[in-house]
Amino acid sequence: MRSLPLADPGTPPVTGAGAYLWWIARRQWGILTVAVLLGMVAMGCQALLPLLTGRAVDGGLEDGFGPRLWGSAALLLVLGAVSALAGAVGHRYDVTNWMRAAFTSSQLVGRAAARSGHAITAELPTGEVVSAVANDALRVGELYATAARFLGSVAAYGVAAVLVLRISVPLGLVVVLGLPAVAVALALLVRPLQRRQAAQREASGRLTTLGADTVAGLRVLRGIGGEGVFVGRYRRQSQAVRARGVHVATTQSWLDALQVLLPGTFVVVLLWLGAHQAVAGALTPGELVSVYGFAAFLGWPVQSATETLGAATRAHVGAGKVVAVLRIAPATGTGRGAPLPPPGAELVDEASGLVLRPGRVVALVAADPDASAAVATRLGRFDDAAEAATPVRLGGVPLRELDLAALRERVVVAEAAPHLFSGALAHELDPRGTADRSGLLAALAAADAQDVLDSTPDGLDGALPERGRSLSGGQRQRVALARALLTAPEVLVLVEPTSAVDAHTEARIAARLADVRRGRTTLVVTASPLVLDHVDEVAFLVDGRVAAVAPHARLLEDPAVDAGTRAAYRRVVDRRLSEAAGDAPAPPDDRGVLTASAPAAGGRP
Amino acid sequence: MKLPVAEAPQVRAYALELGRRHARPLGVVAALHVLAAVAGLAGPWLLGRLVDAVTAGTTTGEVNRLVALGAVAVLAQTALIRTAQRRSMVFGEGVFAELREEFVETLTRLPLSVVERAGTGDLVARTTNDVNKLQHAVRFGVPRVIVAVTTITLTVLACVLVAPLASLALFLGVPALVATVRWYLRRATPAYLRESAAYAVLDGTITETVEGARTVDALGLGARREARMDEDLREAFTAERRTLFLRSVLFPSVDLTFVLAPAAVLLWGGWLASQGQVTIGAVTTVVLYAYQMIGPVWELIFWLDEIQVATVSLARIVGVRLVEGDRTAGTAVPTDEHVVAAGVRYAYREGHDVLHGIDLDLRVGERLAVVGPSGAGKSTLGRMLAGIHPPTGGRVTVGGVPLVELPLEDLRGHVALVTQEHHVFVGSVADNLRLAREHAGDAELEDALRAVDALGWVRALPDGLATEVGSGGAVLTPAQAQQVALARLVLLDPHTLVLDEATSLLDPRAARHLERSLSAVLAGRTVVAIAHRLHTAHDADRVAVVDAGRISEIGPHEDLVAAGGEYAALWRSWQHT
Numbered sequence: 001m002r003s004l005p006l007a008d009p010g011t012p013p014v015t016g017a018g019a020y021l022w023w024i025a026r027r028q029w030g031i032l033t034v035a036v037l038l039g040m041v042a043m044g045c046q047a048l049l050p051l052l053t054g055r056a057v058d059g060g061l062e063d064g065f066g067p068r069l070w071g072s073a074a075l076l077l078v079l080g081a082v083s084a085l086a087g088a089v090g091h092r093y094d095v096t097n098w099m100r101a102a103f104t105s106s107q108l109v110g111r112a113a114a115r116s117g118h119a120i121t122a123e124l125p126t127g128e129v130v131s132a133v134a135n136d137a138l139r140v141g142e143l144y145a146t147a148a149r150f151l152g153s154v155a156a157y158g159v160a161a162v163l164v165l166r167i168s169v170p171l172g173l174v175v176v177l178g179l180p181a182v183a184v185a186l187a188l189l190v191r192p193l194q195r196r197q198a199a200q201r202e203a204s205g206r207l208t209t210l211g212a213d214t215v216a217g218l219r220v221l222r223g224i225g226g227e228g229v230f231v232g233r234y235r236r237q238s239q240a241v242r243a244r245g246v247h248v249a250t251t252q253s254w255l256d257a258l259q260v261l262l263p264g265t266f267v268v269v270l271l272w273l274g275a276h277q278a279v280a281g282a283l284t285p286g287e288l289v290s291v292y293g294f295a296a297f298l299g300w301p302v303q304s305a306t307e308t309l310g311a312a313t314r315a316h317v318g319a320g321k322v323v324a325v326l327r328i329a330p331a332t333g334t335g336r337g338a339p340l341p342p343p344g345a346e347l348v349d350e351a352s353g354l355v356l357r358p359g360r361v362v363a364l365v366a367a368d369p370d371a372s373a374a375v376a377t378r379l380g381r382f383d384d385a386a387e388a389a390t391p392v393r394l395g396g397v398p399l400r401e402l403d404l405a406a407l408r409e410r411v412v413v414a415e416a417a418p419h420l421f422s423g424a425l426a427h428e429l430d431p432r433g434t435a436d437r438s439g440l441l442a443a444l445a446a447a448d449a450q451d452v453l454d455s456t457p458d459g460l461d462g463a464l465p466e467r468g469r470s471l472s473g474g475q476r477q478r479v480a481l482a483r484a485l486l487t488a489p490e491v492l493v494l495v496e497p498t499s500a501v502d503a504h505t506e507a508r509i510a511a512r513l514a515d516v517r518r519g520r521t522t523l524v525v526t527a528s529p530l531v532l533d534h535v536d537e538v539a540f541l542v543d544g545r546v547a548a549v550a551p552h553a554r555l556l557e558d559p560a561v562d563a564g565t566r567a568a569y570r571r572v573v574d575r576r577l578s579e580a581a582g583d584a585p586a587p588p589d590d591r592g593v594l595t596a597s598a599p600a601a602g603g604r605p
Numbered sequence: 001m002k003l004p005v006a007e008a009p010q011v012r013a014y015a016l017e018l019g020r021r022h023a024r025p026l027g028v029v030a031a032l033h034v035l036a037a038v039a040g041l042a043g044p045w046l047l048g049r050l051v052d053a054v055t056a057g058t059t060t061g062e063v064n065r066l067v068a069l070g071a072v073a074v075l076a077q078t079a080l081i082r083t084a085q086r087r088s089m090v091f092g093e094g095v096f097a098e099l100r101e102e103f104v105e106t107l108t109r110l111p112l113s114v115v116e117r118a119g120t121g122d123l124v125a126r127t128t129n130d131v132n133k134l135q136h137a138v139r140f141g142v143p144r145v146i147v148a149v150t151t152i153t154l155t156v157l158a159c160v161l162v163a164p165l166a167s168l169a170l171f172l173g174v175p176a177l178v179a180t181v182r183w184y185l186r187r188a189t190p191a192y193l194r195e196s197a198a199y200a201v202l203d204g205t206i207t208e209t210v211e212g213a214r215t216v217d218a219l220g221l222g223a224r225r226e227a228r229m230d231e232d233l234r235e236a237f238t239a240e241r242r243t244l245f246l247r248s249v250l251f252p253s254v255d256l257t258f259v260l261a262p263a264a265v266l267l268w269g270g271w272l273a274s275q276g277q278v279t280i281g282a283v284t285t286v287v288l289y290a291y292q293m294i295g296p297v298w299e300l301i302f303w304l305d306e307i308q309v310a311t312v313s314l315a316r317i318v319g320v321r322l323v324e325g326d327r328t329a330g331t332a333v334p335t336d337e338h339v340v341a342a343g344v345r346y347a348y349r350e351g352h353d354v355l356h357g358i359d360l361d362l363r364v365g366e367r368l369a370v371v372g373p374s375g376a377g378k379s380t381l382g383r384m385l386a387g388i389h390p391p392t393g394g395r396v397t398v399g400g401v402p403l404v405e406l407p408l409e410d411l412r413g414h415v416a417l418v419t420q421e422h423h424v425f426v427g428s429v430a431d432n433l434r435l436a437r438e439h440a441g442d443a444e445l446e447d448a449l450r451a452v453d454a455l456g457w458v459r460a461l462p463d464g465l466a467t468e469v470g471s472g473g474a475v476l477t478p479a480q481a482q483q484v485a486l487a488r489l490v491l492l493d494p495h496t497l498v499l500d501e502a503t504s505l506l507d508p509r510a511a512r513h514l515e516r517s518l519s520a521v522l523a524g525r526t527v528v529a530i531a532h533r534l535h536t537a538h539d540a541d542r543v544a545v546v547d548a549g550r551i552s553e554i555g556p557h558e559d560l561v562a563a564g565g566e567y568a569a570l571w572r573s574w575q576h577t
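Line by line, the protein sequences are chains A and B. End of the first sequence sits at 605 in the numbering used here; the numbers just go up one at a time, nothing left out. End of the second sequence sits at 577 in the numbering used here; the numbers just go up one at a time, nothing left out.
It should be emphasised that the hints constitute simulated quantities derived from the structure, not laboratory data. These numbers come from a predicted model, not from an experiment. The beta-carbon is built from N, C-alpha and C at its ideal position, and this holds for glycine as well. Among the hints, a few may not be true.
[Said to hold, decoys possible] Covered by chain B, according to a simulated footprint, are these stretches of chain A (three or more residues, beta-carbon under 8 Å):
no. : region
1   : 57 to 65
2   : 167 to 180
3   : 240 to 249
4   : 382 to 391
5   : 404 to 416
6   : 503 to 512
Generate the whole structure from the sequences, applying the supplied hints.
What follows is the structure, given as structure tokens:
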């Protein structure tokens, strides 16, 4: 068995679900063919068993314990053994086919997600992409797993049909035509069942969400004592699911009953016809047994056909979902391959007039935090189309013309609310995989995040859960900062790197950050005076344009700076200090958290 | 520390207890299935009789009579199956609903310290994956196993009744079958658990890649994410290969047993018939019964497998019941609203005290700001004051009664805690609010929302108070979510409030707006505000500086600044600009 996943999943057509399914079939043509052949052998042998059983009965009736009985029984054994072995080997091929198709689809979706940047979340809900891997890829695989069984069943149906028609044409016709009719009738009955099942699944999904919600909100719940009310809500939804389940049970039990009634009636009719022919001498008792056996056996191919039809429908839908993900064009192209300027080139944002000169540690301040964050986003080249009108140049070359991977090595923009991934802390801290342990510890120290080592079992080698959930908000931010520092790019842009930490910590980070990046081009988007104090200079953005560039102290006090700009700057920086105290435009009675004087409706007297 | 998993005897005891509680319906269901299985045995028996009748020479009347008997059996089986299936599914639904409700009730009463030490991941997995896995087994598996077992037992019994001697050949392959199935079942559970764990990890990886797409792009993590996914698929492949190996042994072994049985019955029965011990018709019946048993035996093996896997889930669910509570409610009633902490110590891990004996006397109606560096124990102190955890040493009392001796329902009428975590619960806005006061009318809810300045936007939502929010519903901004939390406090109306960085994760503008809402909530209450913004401290009646698990300074802002200690230094660094 070839080891999976394959190193290269290939490049499928993304024109449609059918084309995609055909592409996969062609890629695993060999193992599909083997699986189909084995399926035919296994099912074909099975098809002969009722005939042999009948022969053995007739042999026993006519010759007693003699060669005819022995021969039939021995052949029964041999064919059964061949069928069992072909079935077992065939199952291995079925599973291999399933895995090849499913894993390839998963890999393709994974690659699309890893390469598309924010385009993927912009175009599809996260749930759909996840479901493409968690469900759709598996459904695509199912088609190839059932294909062999289906084609084997078709062959077996043909063999059995010929045999039963040779025994008796009228009985043969009843079997060959009657069974599919029964199957179609049952398939039609499945519809209402599926509707009710879907209704229950939906209610049940909501219940699962409520359950997960309990855990997620447990701390909040405990803080306000809402446990009892919450359990009451869960109970109600649980009973709703139960009621839907009773609905399903009603339909399901009818279907189960019909699954007895229809084939049962069919067999009774067959027995009646056969027995009359036997009484008339047109049929031997053994042949009657064979016909009964065929009627029982042929239920399998018919069932397999309906299953495959279902699997094919699901695979088609699944392939459509997979293709929808694969169609997403990455937000940034790979570039036109323009040569990267030599190290030490200036990074220039034309729209704001911001110039990042090599080796300077600069802060970017704006009255509107969104405006300064927008500049940082542009510097990161996250969306070629959206940024076409606001070019950013590195050494004079527009970013979108540069090779993307090479550019990401040189310029790193760490935005606000960065995402932490699960994995070993040491591995997750170091995106480039270049730092040694002392380097990791130094970066953690610079971000004042050594406490993370204590709260993660096994420290650097310990595992970080998804989104770094085991850490507090402030810890997460500091870990992300350490990670950004460890990328050690020529140009580093940090957006609000200290917004969630307390003043003590912020002061420490500000000093260490400036030290670590001293002499390397760095831009920090922030309005925190604790950080501004430590940078080489501050670029002050007014109405989206850089209005002044000077050290923090000069922007506050130096008369050489335009008085209006100084006043505006002081307002921004001061507000940051006193924001929650309500000194900024707000009603006079609104003086902050602990000076509440407004009478509260519903509050205590 | 991990959450406990129940041992096999505890799981068995729980399952038995569940069975005992529902003994009657279980008995009825089993009886119905027995009857249905009996009716299902008619076909081969009839065919055997027909073979004998035709061989011996018979009339069409006799044939008609036999076939009519078959028709009656089919009708009876149909009716019995319908009733039995319905009842057993309804039964399964009921039992399972009871089980999950009990589980969630246990869940909400878990000590928070246990949940936090174990991490919420495990608990979420138990609430979702384990409950879902168990659901399949309880709702479908248990009824199917009952059906399969009764069918197999009765079919064997029927064989023995029809042709006792000939039936002996049926059992030729049974020892090998039992041995293989046992071999398989012993190995199957860990193998399938590994498989589903591998897929869960894969799903987690793709979720992370998508949710963090922007970060993946920004830090050039694309190749890394692809490698991680390939690694997950490799593990899934290894796990699949293991289960495939197990099936590669099981499938042909079971198949061969069923090849062996009819052939052996034919030969042995043929010889017996030649000796006049049995009729060929009876042998035919037994052979056909042997074929008819293939389906139920496979079904039984399949469900034994699934039930084994579900037992692991059940062990994890029952395990949550084994967590011991961290408090026992007493009957003492607080005499006033005075909250006092005396000698409070707390250790998340034994021997590592985070708080080293804190004494704090909250004056009724005062505003106390708690400041200090990260990791100093501010939040832990807040939790002690709100009675979230029982202290490891010392005590926190309200009106003379320790907080942790108050029933949970009463506790929140005294002290409530609001943190920076703004979780919006799944449900309507009204549902979210009524967590604090279950029977509050819409007018009360609106008053509370108005008090926190949130009525405007709530009314503007598509369905107002009835708008669905939380996961899957309308998305609230962090500030709106926090306003909902504050409105809950208005409804809850405790005399003492602990605010732990309640606004620190919000962007500056939202925070400013919110603190207006907050001031409405705080009026007339004793407030402990844990904050990292010093202006908060400036406005408080008293400031407590917490450092390394101790209160290093406490007093009004002016006094502390004048004292020239740590707080004064900090304050100066904030003043500087």
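Hint check results:
Beta-carbon proximity to chain B at under 8 Å applies to 6 residues in the region 57 to 65 of chain A; the threshold of 3 is reached and the given coverage holds. Interface restraint, the region 167 to 180 of chain A with chain B: violated (0 residues with C-beta to C-beta distance below 8 Å; minimum three). Coverage of the region 240 to 249 of chain A by chain B holds [criterion: at least 3 residues with CB-CB distance below 8 Å; count 6]. Only residues whose C-beta sits within less than 8 Å of a C-beta in chain B count toward coverage, and the region 382 to 391 of chain A has 1 of them, not enough to reach three; the restraint is violated.
Here's how the region 404 to 416 of chain A fares: 7 of its residues keep a CB closer than 8 Å to some CB of chain B, so the rule of at least three is met and the hint holds. For the region 503 to 512 of chain A, the stated coverage by chain B is satisfied: 4 residues place a CB nearer than 8 Å to a CB of that chain, which reaches the threshold of 3.
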